[in-house]
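2 protein chains.
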Amino acid sequence: MDTLKKMMLDMGKAAQVAARNLANATTEQKNKALIAAARILRDNKAQILSANAGDMRTARARGLTGAMLDRLVLDDQRVEDMAASLENIAALPDPIGDVMASWDRPNGLNISRVRVPLGVIGIIYESRPNVTADAGALCLKSGNAVILRGGSESTLSSRAIHKCLVQGLAEAGLCPDSIQLVPIQDREAVGELLRLVGYVDIIVPRGGRSLIERVQKDSKLPVMAHLDGICHIYIDREADLDKAVAITVNAKMRRTGICGALETLLIDRAVAQSHLPAIMSALEEAGCELRGDKEVRKLDSSVALAKAKDWDTEYLEAILSIKIVGGIDEAMDHIAAHGSHHTDCIITENSATAEKFLTLVDSAIVMHNSSTQFADGGEFGMGAEIGISTGKIQARGPVGVEQLTSYKYKVRSDGRTRP
Amino acid sequence: MDTLKKMMLDMGKAAQVAARNLANATTEQKNKALIAAARILRDNKAQILSANAGDMRTARARGLTGAMLDRLVLDDQRVEDMAASLENIAALPDPIGDVMASWDRPNGLNISRVRVPLGVIGIIYESRPNVTADAGALCLKSGNAVILRGGSESTLSSRAIHKCLVQGLAEAGLCPDSIQLVPIQDREAVGELLRLVGYVDIIVPRGGRSLIERVQKDSKLPVMAHLDGICHIYIDREADLDKAVAITVNAKMRRTGICGALETLLIDRAVAQSHLPAIMSALEEAGCELRGDKEVRKLDSSVALAKAKDWDTEYLEAILSIKIVGGIDEAMDHIAAHGSHHTDCIITENSATAEKFLTLVDSAIVMHNSSTQFADGGEFGMGAEIGISTGKIQARGPVGVEQLTSYKYKVRSDGRTRP
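Top to bottom, those sequences are chains A and B. Per this note's numbering, residue 28 is the first one in the first sequence, and the count goes up by one each step. Per this note's numbering, residue 28 is the first one in the second sequence, and the count goes up by one each step.
A portion of the hints provided could be inaccurate.
Repeated chains share a single entry, so a pair holds when one copy, or any two copies, can fit it.
EDC-like mimics (lysine to aspartate or glutamate), calculated; alpha carbons at most 20 Å apart, straight line [stated by the list, open to error]: (1) K72 / D108; (2) K59 / E198; (3) K383 / D125; (4) K383 / D441; (5) K270 / D441; (6) K40 / E344; (7) K247 / E219; (8) K244 / E219; (9) K336 / E114.
No wet-lab data here; the hints were simulated from the structure. From a predicted model like this one, the values you see are computed outputs, not experimental measurements.
Extracted from the complex, chain A is given alone in its bound form (with noise of 0.2 Å):
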């Protein structure tokens, strides 16, 4: 076996091993851990941001570019964000061991779900550094082991949080094989990572889509798929001008490099006249660069006509593709056919439009007169996550620390035998 298979396969070995440790751990024991490492994070600051500055060195000789580099870089306040970060984690409610239900049958068995860890999960994560321990910490909040694999860009960076994260757990007493880092850069721990059958119970992969395809197609365990987020907004016919306005603006505007931001805006023809000139110049206001179908041209000739790939495209920048549809179904359809089942919206007054596209699209998050820039676990209540997944298996929307778990059927008779 070469080198890199084994060095791999005993990662896979002892994160099995310390996920039946951290399986049983108290939530004192894995609310330490997180405490002391905010602790040594914060200790740790001037090494991890030199071991940050290397790695920007490093990137800039690369040729990186702006919003790239901009990802990677730490500096005391981002230190201070992870730390915290970690302690808020530690505040959430420990998900293991909640008896989810538990019921009586006739057969004389009591029965109950109870909630359990899933066993080792796998990250694949790109440039962002504050990953290592976000990831890590709600991992080990909900009991499973984890094996990192960070961007080759962050590598000082991701080993010198790593090392305060194992620290914390070593304070703690926990198994210091609960977070472990892949040590090399090598593309083909990857493959490795992603043949470990038996050691690693579920992938996620997090990053652009390159990487979500490569880790989709390659990957023997299941992968929970955070894709992009082509989010729409459908203006309907008898939306509210106001909202319609604030709403866009907001789920473009506010940040777009996220993946709730706005990508396209619908709207029906019925209002497009009467609409769409206060949208447009309210975004353009907002410094937005916006791409029309030829009926938007028609409108407003100054507008950039969109391609056939504008439709299909995550901007994460401030452009916008804007097509004028004939009503709901066709809303929906083009929503089917170039969403990415993330987050989609309608604005209307008429609440049965709105019940027929928060039922008929097929998205992790529907919505009602909202901005789509609220698609974010914080912001639902359910604190820190991982992502949004955009599949439907094991987990669908924001993954925080409840959608990392599994769950057990604990039952109880008095010597109950079937007949």
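Could you slot chain B onto chain A? The hints should help.
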């Protein structure tokens, strides 16, 4: 594209269209289809039995053994049982549309979590023709489109049963592609089914270990595994002898061919002399062959010596392996090393010992003083089941209609934007 690949892709596309319609079918429509299919099955009993006779002739010519022939054969009663099962599934509550939770947030949002179907399910099964009806019906009830791929032995029987299901769909005005049966037996059809990424949401294999392992190895889609039931009973030093005898005999001998049947008995050395003779003679009286470790043979030299592979064998026959252990920890270590995470039981009068076992043994179903033969969706009050999931992703334990669902978040507000 070759013909087979195109055929499977077309089935995937048709299933996806059917799934979109089915997700919004009413409970009445789905029940109407199930009840009609039950009637049509009864009306077509002669044709079904004649098709089955054809399958039986081929099977005998191929030299299939007694147990396999028994799984394949249909008679009046088995057709009636299939029809009754369809009616029972119609009588189950419809999980789709259930509001699982609903809450208001300080940000002004009302959020509700609503149950939706998974989408398209692929079910790959072996010889039992009744799976065609059961699996098709469970998927329909849970609003999922399904692609069924039955075993080659049951080709004619499955086709005849499938025809009745499709007629039931037609009577209820539902898309006939809601329940599709792969029409040919080419082994590569399974391979293509496992590669229908984007068309099929989850694969459920039902059958022997080699089928499941092939599916897990080749699938590009999430797999809900139904692996072996290597079920254990551990008889603790504080076990009540009467319960130990009654439960062990029932767990092993009530029906030896089901996945919840006992396969290995572990007993604490402290009570081996006092408890084991009575247990062994009751088992032998019931017709069970015993295979023990060396210590067991010291107690009773007429018992055969268990080989290493016995501890990893799901007999599904009247054979039991027996091992004497040093206590609960050694028992749990044995279960961790040799079990299949299906169903395991402790017999003890000490409730603290029982709780330790229930918490630490990592199986879908863990039991105290109860027969492992109760491992069944019906006994749990969940209605009909597709099987018992031994994995932790998506569903664990009995898989009924609720376990074949996902959810979406419906978010409503009066025009809220995110600060």
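Evaluation of the provided hints:
1. K72 / D108: Within. Shortest intra-copy distance 12 Å satisfies the 20 Å Cα cut-off; inter-copy 68 Å does not.
2. K59 / E198: Within one copy, since 8 Å is at most 20 Å while 61 Å is not.
3. K383 / D125: between (35 Å within a copy, 16 Å between copies)
4. K383 / D441: between (50 Å within a copy, 17 Å between copies)
5. K270 / D441: Answer is between; shortest inter-copy Cα gap is 8 Å, intra-copy 61 Å.
6. K40 / E344: neither (42 Å within a copy, 33 Å between copies)
7. K247 / E219: Both, since 10 Å and 16 Å are each at most 20 Å.
8. K244 / E219: Both: 13 Å inside a chain and 14 Å across chains, each within 20 Å.
9. K336 / E114: Neither way: K336 and E114 sit 43 Å apart in one copy and 48 Å across, limit 20 Å.
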